[in-house]
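Chain by chain, the residues:
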Amino acid sequence: MMAPLLELEDVSRVYTSGGLLGRRRVRAVDGVSFSVAADGPEIFAIIGESGSGKTTLARMILNIVPPSTGTIRFRGTSLHHGWRRRARLDFMRQVQPILQNPFEAFNPLKRVDRYLFMTARRFASGDPEQRADEALRQVGLSLAEVHRRFPHELSGGQLQRIAIARALISAPALIVADEPVSMVDASLRMSIVNLFSLLRDRLGVSIIYITHDLATAYTISDRIIIMRDGRVVESGAARAVLDNPQHPYSILLKGAVLSADAIA
Amino acid sequence: MSILTVSDLRAYYITRAFGIEREVRAVDDVSLSVARNEIYGLAGESSCGKSTLIKTIAAATRPPLRLMSGSVTFDFAGHRIDMHAATSSDIAAIRWRHLSYIMQGSMSVLNPVRRVRHAFIDFAHRHIARPMPEFLDIVRAHLRRLHLALEVLEAYPHELSGGMRQRVTIALATVCRPDFIIADEPTTALDVVVQKDVLAMIRDIQQEIGSSLLFVTHDLAVHANLCDRLGVMYAGRLVEEGPTADLLRSPRHPYTAHLVTSLPRIGDATPRPSLSGAPPNLADPPSGCRFHPRCPLAMDICRREVPTMQTTGTAHRVACFAAQ
Chain A
39 MMAPLLELED VSRVYTSGGL LGRRRVRAVD GVSFSVAADG PEIFAIIGES
89 GSGKTTLARM ILNIVPPSTG TIRFRGTSLH HGWRRRARLD FMRQVQPILQ
139 NPFEAFNPLK RVDRYLFMTA RRFASGDPEQ RADEALRQVG LSLAEVHRRF
189 PHELSGGQLQ RIAIARALIS APALIVADEP VSMVDASLRM SIVNLFSLLR
239 DRLGVSIIYI THDLATAYTI SDRIIIMRDG RVVESGAARA VLDNPQHPYS
289 ILLKGAVLSA DAIA
Chain B
34 MSILTVSDLR AYYITRAFGI EREVRAVDDV SLSVARNEIY GLAGESSCGK
84 STLIKTIAAA TRPPLRLMSG SVTFDFAGHR IDMHAATSSD IAAIRWRHLS
134 YIMQGSMSVL NPVRRVRHAF IDFAHRHIAR PMPEFLDIVR AHLRRLHLAL
184 EVLEAYPHEL SGGMRQRVTI ALATVCRPDF IIADEPTTAL DVVVQKDVLA
234 MIRDIQQEIG SSLLFVTHDL AVHANLCDRL GVMYAGRLVE EGPTADLLRS
284 PRHPYTAHLV TSLPRIGDAT PRPSLSGAPP NLADPPSGCR FHPRCPLAMD
334 ICRREVPTMQ TTGTAHRVAC FAAQ
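So the protein lines, in turn, are chains A and B. Under my numbering, the first residue of the first sequence is numbered 39, with each subsequent residue one higher. Under my numbering, the first residue of the second sequence is numbered 34, with each subsequent residue one higher.
Looking at chain A on its own, in the form it has when it is part of the complex (with noise of 0.2 Å):
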């Protein structure tokens, strides 16, 4: 029996704010359970509103917060925070983040392809331009395109795919995505989702997408679990849980996508 890629066991993570006095204490995950399986890569969508806990999550995931109670293991192995150097370069490796604001993800007075470079020499072996160059490839650009430019001569799209060829570079097996398409335009979301199946395809990397876009999770997601105030309300296989949601906030969720087929 080969250990699941990734295994959340009642994952919780409380933040208290306030001095000793008039302390408060907020649940942002509250016992969240689920595990992605290292055989056949799968989409697994994390869907909720703003203050869901969804961010929270994938931060514990990325290894960036540790729990409170609960444990996250990455192949069989528990994530922990105060992991030496060695062992934390294998988990980035490994698991790579994916940013909601591409603008803001990159250092606006460095040249992007930069980044790439310093990923290839940190986790990947051989040339880094030609490392670059492929992770490019397979987000339909190339490093002829991006060479020596800064964000602001690109636009949002093509930034957020330069930001998921970077997460290839090292070819990992799990990518967390928080809010990749949020801020790009609707009309270039679908080339970003699109991509996320094609890499689950073609390079069988498993993707944990966290959204609040119900159309474009179910469009491309395997499984998907809804979140609200920390706690999972519904989880299942993406269509069967949109097409027939049970719980009443799924339903109210569904309810409030707008569709261009509800003309006024």
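Treat the hints with caution; some may be incorrect.
Computed beta-carbon distance windows for the label pairs [stated by the list, open to error]: (1) A:His190 - B:Gly195: 20 to 30 Å; (2) B:Pro329 - A:Ser163: 39 to 49 Å; (3) A:Arg123 - B:Asp230: 43 to 53 Å; (4) A:Glu142 - B:Arg298: 40 to 50 Å; (5) B:Gly111 - A:His185: 56 to 66 Å; (6) A:Ala278 - B:Ala278: 28 to 38 Å; (7) A:Asp281 - B:Arg177: 53 to 63 Å; (8) B:Asp317 - A:Phe188: 16 to 26 Å; (9) A:Ser88 - B:Arg150: 23 to 33 Å; (10) B:Ala93 - A:Arg187: 46 to 56 Å; (11) A:His119 - B:Ile124: 49 to 59 Å.
These are calculated hints, taken from the structure and not from any lab test. Predicted model, so just to flag it, every value in this text is computed and none were measured. Using N, Cα and C, we set each Cβ at its ideal position, and we do this for glycine too.
Could you slot chain B onto chain A? The hints should help.
Below, chain B alone, put in the same frame as chain A:
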């Protein structure tokens, strides 16, 4: 009877550095009109000139943005004003009273270190020339009509959620009961449930006041649920315009057709095609029709000549050789 008439508008960004002049043609030859009590939606990708167009309409052109030609005329119940010929005091007099705005970033509209009450006083008190207690009563009555809790007046912006702040900016923009409201991506930063409520609120107040609304967003699903008429911009030009239902059901321009077919839908998981290439650089736009390098129907004439808006059907206009 139209309240806003934009004719042959050209607005370019002109920059000079080290003796090299660069010209970015952000708005090129745009003509449109908005009728009284109408919701006009403006669609298009980022950097297609939507925001430049509304800046020019509101006479908020500051260098390097310059009006090259064309005119913007408002007709507020018999009070006609040419936005680019009027003096700044004339424009100050109509702002907020007749013409107001709802912005995308509610956090940058509201002063983070002052209570929301002060925002209402700063924006609206000079236009509702009443003593302060009476003015605050008007504000409270307005908030009640919008089903907002009166406590928001005493809150600081950071104490309100994103959706609540956006509702406050809508209240702020409508408190003077303006004739014309410009809304620039007001729901883009909100998530689906909040977005639906905010859109309902915008529609209710627009109908109650009877004002016209120019609504800008890149999300066609929002347009479909709100707008009476829709204009689609591509690379600084208006490429198609028509009644919302007609335009979305039978788009004539290949760009609009692409926007409509690329929308993901729940209940339909077939792969969506995505357009190759990127929007053109407006400092050096392609010759002829600006869409031709990405257009599946491009012909010879598209590379040479610029298509003009032609009327097809009753109120549907399109700028495309293949569609004419």
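Cross-check of the supplied hints:
For the hinted restraint 20 to 30 Å between His190 (chain A) and Gly195 (chain B), the CB-CB distance of approximately 26 Å keeps it satisfied. Taking the beta carbon of each, Pro329 (chain B) and Ser163 (chain A) are about 42 Å apart, inside 39 to 49 Å as hinted. For the hinted restraint 43 to 53 Å between Arg123 (chain A) and Asp230 (chain B), the CB-CB distance of approximately 48 Å keeps it satisfied. Take Glu142 (chain A) and Arg298 (chain B): their Cβ atoms lie about 30 Å apart, and the range 40 to 50 Å is violated.
Checked against the hint of 56 to 66 Å, the pair Gly111 (chain B) and His185 (chain A) passes, with Cβ atoms roughly 59 Å apart. Checked against the hint of 28 to 38 Å, the C-beta distance between Ala278 (chain A) and Ala278 (chain B) comes to roughly 32 Å, which is consistent with it. As the Cβ distance of Asp281 (chain A) to Arg177 (chain B) is approximately 41 Å, the hint placing it in 53 to 63 Å is violated. About 18 Å separates the C-beta atoms of Asp317 (chain B) and Phe188 (chain A), a value consistent with the hinted range of 16 to 26 Å.
For the pair Ser88 (chain A) and Arg150 (chain B), the beta carbons lie near 26 Å from each other, so the given range of 23 to 33 Å is met. Checked against the hint of 46 to 56 Å, the pair Ala93 (chain B) and Arg187 (chain A) fails, with Cβ atoms roughly 31 Å apart. Checked against the hint of 49 to 59 Å, the C-beta distance between His119 (chain A) and Ile124 (chain B) comes to roughly 58 Å, which is consistent with it.
Figure legend: structure checked against the earlier numbered hints; hints not met, in rising order: 4, 7 and 10.
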